[in-house]
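Undergrad: Model the placement of chain V on the given structure of chain C, informed by the hints.
From first to last, the protein sequence lines are chains C and V. The first sequence: position 46 = 46 (the numbering used here), numbered continuously. The second sequence: position 48 = 48 (the numbering used here), numbered continuously.
Bear in mind the hints are in silico, worked out from the structure with no lab data behind them. One or more of the hints may lead you astray.
In silico lysine to aspartate or glutamate, EDC-like type, Cα no more than 16 angstroms apart, as pairs [unchecked claim]:
{"id": "1", "chain 1": "V", "residue 1": "Lys-144", "chain 2": "C", "residue 2": "Asp-58"}
{"id": "2", "chain 1": "V", "residue 1": "Lys-146", "chain 2": "C", "residue 2": "Glu-68"}
{"id": "3", "chain 1": "V", "residue 1": "Lys-212", "chain 2": "C", "residue 2": "Glu-66"}
{"id": "4", "chain 1": "C", "residue 1": "Lys-87", "chain 2": "V", "residue 2": "Glu-126"}
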Amino acid sequence: MIEVTAENFKQEVLSVDKIVIVDFNADWCGPCQMQAPLLEEAAEELGDVCKFASANIDFAKDLAIEYEVGTIPCLVMFKNGEEIDRKIGLQATKKVIKWVTKKCTTL
Amino acid sequence: MGDEEMYDIVIIGAGIAGLTASIYARRAGKKVLIVEASSYGGQIINSPNIENFPSYDNVSGIDLMRKTYRQAERLGVEFVFNKVLKVEKKETTFLIVTDDGDFEANAVILASGTQNRRIGLEHESEFMSRGVSYCATCDGALYKDKVVAVYGGGYTAVSGACYLADICQHVYLIHRRNKLRAVGMPVERLKDFKNVETQLSSTIVKLNGEDKLESITLATPEGEKTLPVDALFVTIGREPNVNFIEGLEKDDDGYIVAGEDCKTNIPGLFVAGDIRTKKLRQLVTAASDGAVAATEALEYLQGA
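In isolation and in its complexed conformation, chain C is listed as follows (with noise of 0.2 angstroms):
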């Protein structure tokens, strides 16, 4: 997953055109360190239907303020630029496809 902070966002996220989730975390925050791996697990099934990223909010605390993220973890995903959906709290593999595949219908 790719690491992302207010200097690389623009191109790794907001310029992206398809569904990025961008997972919002801490490494002193249990439930995060529980997250990376169902994210992985998530990305290997999804495959090239979404990209994950991920902003450690001890480097990217621009963005974690920018984006009002009160909470970690917390999902948002975003596309062409813009955040269509969050979830907040720890998300299950199996959620995390089902939430991403569900926005790829709709959208």
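TA: Showing chain V alone in chain C's frame:
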């Protein structure tokens, strides 16, 4: 009744209690489903260092629960990650209604643990992650140099306020009683901070804001008062996750009444882990409950 998939045992919750129960039930050859609202692991995944679990000098909650989940999965326990909306006792079976499909079981083990207690105000869910948080140490860093409030008077609230005082511009500590419940060190520490303002005998009655929390309204002995805040940390204790089932006998705090045999007042419905009335809530006691509840459920199925 429709075409719900039928299981011997459905377990609600994939923390240590639920996973242990599933391991015992699967090893006895039963068809077992775990329904979990979030992800597996339960509350213990927040603990980076566990030093009181037999066989480990030190293990993280995440590592321990990952192993336990894999163990259950390898044994053939099925998992769905749905929120349970209702559990209903039919004539001889139980109907488990979730936000994504229904299931049927001959026996049910409730192992859904506890959650942070909500205030129960309008907009509370809506503002979650947009100003309302239930964990100061988890989310405090996101409100650096901001004005925040902590609601509660226990140890978690007071130590949370101390933690935030180091990060935030101003911290209000709001408690409904006229005296903090916490005693000792955190209360002493609190006095050292010039940027903490304690507001006793006050309750929060309104959360205000457009898309995010902007201010809170308090009912104080001097009347209503509105404080502009960027965040509110609600630390008023934990409560059992059992609002989806009717007719269960509970104690005054909402925990399900059951003895060491984990049997509830509803035949075929068992309870394991933190939601059961008990004195000691620990990993080992939750695991122990899981084993007992599964064994009792197996016995119940034999007689059924």
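Undergrad: For each hint given before, does the structure comply? Return the numbers of the non-compliant ones in rising order.
TA: none
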